[in-house]
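Q: Model the placement of chain Z on the given structure of chain W, informed by the hints.
Protein chains: 2
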Amino acid sequence: MFGCLVAGRLVQAAPQQVAEDKFVFDLPDYENINHVVVFMLGTIPFPEGMGGSVYFCYPDQTGMAVWQLLGFVTNEKPSAIFKISGLKSGKGSQHPFGAMNLPQTPTVAQIGISVELLENLAQQTPVASAAVSSVDSFTEFTQKMLDNFYNFASSFAVTQAQMTPNPSEAFIPANVVLKW
Amino acid sequence: MFGCLVAGRLVQAAPQQVAEDKFVFDLPDYENINHVVVFMLGTIPFPEGMGGSVYFCYPDQTGMAVWQLLGFVTNEKPSAIFKISGLKSGKGSQHPFGAMNLPQTPTVAQIGISVELLENLAQQTPVASAAVSSVDSFTEFTQKMLDNFYNFASSFAVTQAQMTPNPSEAFIPANVVLKW
Chain W
1 MFGCLVAGRL VQAAPQQVAE DKFVFDLPDY ENINHVVVFM LGTIPFPEGM GGSVYFCYPD
61 QTGMAVWQLL GFVTNEKPSA IFKISGLKSG KGSQHPFGAM NLPQTPTVAQ IGISVELLEN
121 LAQQTPVASA AVSSVDSFTE FTQKMLDNFY NFASSFAVTQ AQMTPNPSEA FIPANVVLKW
Chain Z
1 MFGCLVAGRL VQAAPQQVAE DKFVFDLPDY ENINHVVVFM LGTIPFPEGM GGSVYFCYPD
61 QTGMAVWQLL GFVTNEKPSA IFKISGLKSG KGSQHPFGAM NLPQTPTVAQ IGISVELLEN
121 LAQQTPVASA AVSSVDSFTE FTQKMLDNFY NFASSFAVTQ AQMTPNPSEA FIPANVVLKW
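So the sequences go chain by chain: W and Z. The first sequence: position 56 = 56 (full-length UniProt numbering), numbered continuously. The second sequence: position 125 = 125 (full-length UniProt numbering), numbered continuously.
You can take every hint at face value.
One side only, chain W facing chain Z, incomplete, derived with CB under 10 Å: (1) R9; (2) L10; (3) V37; (4) L41.
Just so you know, these hints were derived from the structure itself, not from any lab. Computed from a prediction, not measured in an experiment: that's the story for all the values here. A virtual CB, placed ideally from N, CA and C, is assigned to each residue, including glycine.
Next up, chain W with everything else stripped away, as it sits in the complex:
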């Protein structure tokens, strides 16, 4: 379903599936990696309403795994380039790989992909320094979510003439949603 490519190295197309919805690629010699490309192979799409959050995982000085959210892949944005050089100084972020206890080797990092609801992805903020072309993707992705919400919400829109009398029901003017 997924491929992973370290710039300058051979492509990987066989991640380790560590849970039904979680996939992991090993990145040997990760301190010499600048950019990583994560992409869908195009064989199997995400189930409708789902997408993938992409994490970088590296061992800290004590050998503990530190996870950082790089960004997302979805059926509409099936690939992204991330810059991982320089991420080691950052803090770890919340992540869904907690119970996995992936074995950590000093020179080997991981790319983890977690399949989740698009609504959940939209609430997560990737580390800013990882963005290469994913900045645009993320902005567009968020815009798309808002558009979808507006389309969803406005499908319920009524004019005052169509309202059935019910003084306790609240209405939000459609242009409030648009402005937001």
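A: Quick look at chain Z alone, frame taken from chain W:
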């Protein structure tokens, strides 16, 4: 043999083979492309002593194809990321796709890969603004070529005691090659 990935889009793994040693990927809607990844699929390596030069081709205002050298892929560096946004202002460079007459469509650009001798690749200079992670690759690649040449040349090195008398034969001190 090759794959091509526009950041944000699905991967392409079936280039058009326009000659025995030339491969072309179409890039629709190329004005909205920032980064392109070119990589070997890992199935078939280059023949020994060969590598690939990677070109970006776009139509100029008159519809003529302009080719720019982005960089290289080799068995030792089987992938590279190139930044193609901003290349349109540049001039075209020499290229080996001259006689192909690829049909040009206003919104469609191409990635062309030409399989050539490594020695030839080392004499070509990619457009500087295309380099993402390929800067390092190119520098390393050139360094490797120089190393190879030094190893090759120094395998013929002799000391004066080993020289057979022949006043007309010229010798280059090994440290001259090293300094170069």
